[in-house]
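J.: Listed here are the chains, written in short residue letters.
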Amino acid sequence: MADDVAGKRPFSIKRQPGFGFIAACCFVMLYAPILILVAYSFNAGSSIAIWEGFSWRWYEAAWQNRQVIDASVTSLKIAVSAAAIASCVATMAALATTRTEPYRGMTAIYAAINQPLMVPEIVTAVALLIFFAIIKVNTGYQGLAYLIAAHSAFCIPFAYLPIRARLENMDLSLERAAADLYASPWQAFRYVTLPLMLPGIMAGAMLAFVISLDDVVITEFVKSGGQDTLPTYMLGQLRRIISPEINAISTVLLAISVAVVSVFFVLSRKGGKA
Amino acid sequence: MSDAPATGTQSITSGAQAGVAARRNDVRNRWLLASPALTIIVFAALGPLLIMLVYSFLQKGLYGGVIWKFSTQGWFDVFFHKDIFDDTVGFADAHLSIFWRSIRLSFATTILTLLIGFPTAYFIATKSEKWRPVFLFLVTIPFWTNLLIRTFAIMELIKNEGVVNSVLQWAGLITSPIQIMFTDFAIMLGMAYVYLPLMVLPLYASMERLDFRLVEAGYDLYATRWQVLRKIIIPLVKPGMIAGSILVFVPSLGAYVTPRILGGGKNLMLGNLIELQFGQGRNWPLGAALSITLLVIVMVALLFYVRNASRSGVKSHG
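Protein sequence lines correspond, in order, to chains Y and S.
Sequential numbering from 1 applies to the first sequence in the working numbering.
Sequential numbering from 1001 applies to the second sequence in the working numbering.
For the record, the hints were derived by calculation from the structure and aren't laboratory data.
Note that CB positions come from ideal geometry on N, CA and C, so glycine has one too.
A hint or two may mislead.
[Said to hold, decoys possible] Facing chain S, according to a computed beta carbon distance under 10 Å, are these residues of chain Y, among others:
| hint | residue |
| --- | --- |
| 1 | Ile22 |
| 2 | Val89 |
| 3 | Met92 |
| 4 | Glu101 |
| 5 | Gln115 |
| 6 | Ile134 |
| 7 | Ala153 |
| 8 | Met170 |
| 9 | Leu174 |
| 10 | Leu181 |
| 11 | Ile246 |
| 12 | Leu254 |
One chain only, chain S, in its complex shape (with noise of 0.2 Å):
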């Protein structure tokens, strides 16, 4: 034992060193096989981002582009606007509106989705498991299919001479059609049928996992279905309703195929707002700028879900 220890550190450092060259050369191998993947996505997805807040701080070319020169005036047209008579400097009230207008269709659209995607999760999760699975793959086959046609189709039940209105009109329930394409109603009814999917699939991932037992003993100690609604089962599946309703809100923020099919050319939402900097405005910083306005706000909702998704996951474990 006394002599053996010179040797046996030895073969130690020398194996721990050699399990450290190898580590090493596993970590290099990952990040060589990770590279392909990095590099188009920094290539056609975040390296243009960087380049787009370049463009937010220069000045608008005449018809459309940019000049290189540096400006802030793409950042100062986000928010206010200068009169062109007398030079008046007041808040930018167009773009104000439709910010406000993206920011509560996009509210009211969460709400909606959570309204009927929560009953219908709970439907799905309370099912035989034979019987899961069929439903959740009857919520997910919209999920995937076009956005575009599923916007195109509820356009086609909503319109003046569309499916809705024939029928109420054949019941005589009402004598002209109403009107609803082109409203923000109807933006808020498309991006609720659209985005629906995206707030029952969380709803259902924590209600899956909910333990009846505790809804049990809320029934043994004479609560009511409501109480038990409210006081057991919504704050346990809270971190699902969070989730979808992240999942919701981000998108519809961003929308842009929707607003523009079924608000018309009047109903503008902020995607449609970049979009016409880059078209008819002309004006590619302020349209960069707004892109940027769009990311951080998004940015500051996925900061919220992941923070509450930590919290929530340690208190599981806990």
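The shape of chain Y in the complex, shown without the other chains (with noise of 0.2 Å):
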């Protein structure tokens, strides 16, 4: 009996036959499909199941094509201004509804603000087809306007969330200090309470830089001509034949949202310690 004890694995109460199997089948799952797509934009043969070799071509190739010069601007232009103006409007936001008892309407304010995350997105991006439809049709403008305010309303809850979680780990304290030590309430807001608020306003603003570049469906509903982003030109591309010059588009994408998102890790990892 002793003997049968010894060779097996000690007693663990929180395991559960099979399931380290089944976690494992799932980061491979997670990460395979990436990792091939990525090895294969390297690969020097137009193929995308046979290996021919290390090389550069296809970022050559994409850095060469004036369709994905131009898309990548329009995704930066639309991304920076999309995260500015959410991170900004979402600062506001969350100063105005944390820190406070609750008030008449905040309930309802909250629910606002996390509404574009409840609503599918291929309806919220009929309905904008729709409405700047209405809008074009009547001014005759056809800009990007459009676009950067419909990224800015998608952003926004993920701009407030990390925001708002850094406030609420923040009293009041400090604030009533400054005012005792008399600074204006701007002074206080300016010297105090913005520069503890900095990381997570960063972390907000990466989240919603990273939404709006990857945005696909309501790019898609909401652009007028000429005016593809990356995404929106690859889903354009797929309908054709596809090339690597796309795993190559892919890869340089997913490099900036994991570097960002690790960013965003290290900077709400450090809000939490503070």
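Using the hints, put the two chains back together into the complex; each one sits in its own frame.
T.: This is the structure:
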């Protein structure tokens, strides 16, 4: 009996048979497709299944493709504007909805801000298509402002949540101390509250940037002619023959997302310790 | 004491009045602070939904758009179909089968992600505190990367000349490639892949708080591992399971990119049917009505979730 027990693994109450194996499969499943895509973006041949050696060929092709460059510029313009607008208004909204007794309408504000998270993207997309079509007909304006407005709206909750989380961890004592020392409300905000909130705001702006950069559905429906972003350009290309150029563009986009999200994690963990 | 109350109450009431005024001021300032965010959301998210509701009750224009006349034709078209030759009215089989496929595939996706996500979340939650954030980060990273790219990656894997078929052929298990692309199965696989993190994260959140003393008590009472899992762990993490299921089910139901790429033109889901009405279909009122139908289904699912969440919240406090 004793030998029998010694031969087995010690009994752990937390262990469930097979769970570790499924978890391992899960991580493989999450990463294998992405890694294969990244690997084949460096393939010298044009096949997606046969490896013909390492090369930067597809990156060069993408770099020399006028449409890809234009789409990248459009993507960046929209993502930077949307992230700036969303994090600004989300900071104000977070200040308005934290560190207070619940007041009339606070839940309504909260629900409205998070509304873009609850409505399926395709529904928002066609609603915006209808609404902006009315404006386009009446004003004749076709510019990027529609896309920036749409992106700002669905980025607001992503910017708002980390800022709010940061604010909820800050008590009012430092602001009170500033007021005791004759700081004006603006000075207290500028020199006390804002620096303390800054990691949250940065985190929020980064999430908003990534979310805007990755959006396909809403952009696809709202864009006017010649306003392709990188994702909608790629979606358009998928209809035709796929060249590994798309793999190269995907890899660059993936790298940007992973870098920004990693910084976000560092920022929010630092924020948690402070 | 006897003459003090008069002045005392006076100062208290004036103090209270000042307090009320300050509070009112504060609430007004807070509304002002929230107003830019609210304006953007009303302008570019909430407001357009209301306009879409109006559009669903208008007549369709010949080349897309609408004619400003009241009509319930859009809503009629969602569920019914009028034969163009003999005017007989029947159910719109094409639409209903797409509704049915969307619900069926979303349900299957939810079950599949639950089967994979549950052990994964449990695995992460039982790791040491040093390793948990690392695994959690690994789950979160795909969530923040482009959905289009991830769908595209799955496509590379499963298409006829893709990695899976090449490997199977090389191994001699199959002689001709298996057709996975452009099937319902491909759509489900793709959705399960892209929405898996949405299942793991809430499951992990509830498992992290799991009290393992209860599990230990179960074993002390001679429960098997299966009994412990079924009678102790699953009931305790049920709120997380429901949250994860809703979080996967809702975006699956409204999925557009994944079925478009993996389903090809034939296997439509609701999102693609809606898009069709604004493209080739040129039937904006029908598209608007379909969108609102989808929105209502999603809202019902979310309400179910909120009710469940508040109930479990009460339970954990009590």
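J.: Is the hint on Met170/Y kept, meaning its closest Cβ partner in chain S is under 10 Å away?
T.: Hint violated; Met170/Y Cβ to chain S Cβ min 16 Å, cut 10 Å.
J.: Min Cβ distance, Leu254/Y to chain S: is it shorter than 10 Å?
T.: holds, 5 Å
J.: Does the CB of Val89/Y sit less than 10 Å away from some CB of chain S?
T.: Nearest chain S Cβ about 4 Å off; hint holds.
J.: Restraint: Leu181/Y near chain S, CB-CB cut 10 Å. Satisfied or not?
T.: For Leu181/Y, the interface hint is violated, since the closest Cβ of chain S sits about 21 Å away, which is over 10 Å.
J.: Identify whether the interface hint at Ile246/Y stands, where standing means a beta carbon of chain S within less than 10 Å of its own.
T.: Holds, because the Cβ-Cβ distance from Ile246/Y to chain S comes to roughly 7 Å (cut-off 10 Å).
J.: Holds or violated: is the Cβ of Gln115/Y closer than 10 Å to a Cβ in chain S?
T.: At 6 Å from the nearest chain S Cβ, Gln115/Y passes the 10 Å test, so the hint holds.
J.: Holds or violated: Ala153/Y as interface residue toward chain S, Cβ cutoff 10 Å?
T.: Cβ of Ala153/Y sits 4 Å from chain S, so the hint holds.
J.: Are Ile22/Y and chain S close enough, Cβ to Cβ, to be under 10 Å, as the hint says?
T.: holds, 4 Å
J.: Can the hint on Ile134/Y be confirmed by a CB-to-CB distance to chain S that is less than 10 Å?
T.: It holds, given that the least Cβ distance between Ile134/Y and chain S is near 7 Å, below 10 Å.
J.: Are Leu174/Y and chain S close enough, Cβ to Cβ, to be under 10 Å, as the hint says?
T.: violated, 19 Å
J.: Is the interface hint satisfied for Met92/Y? The criterion is a beta-carbon contact with chain S at less than 10 Å.
T.: holds, 5 Å
J.: Quick one, is the Glu101/Y hint okay against chain S at 10 Å, beta carbons?
T.: holds, 8 Å
Checked against the numbered hints above, the structure breaks hints 8, 9 and 10 and satisfies the rest.
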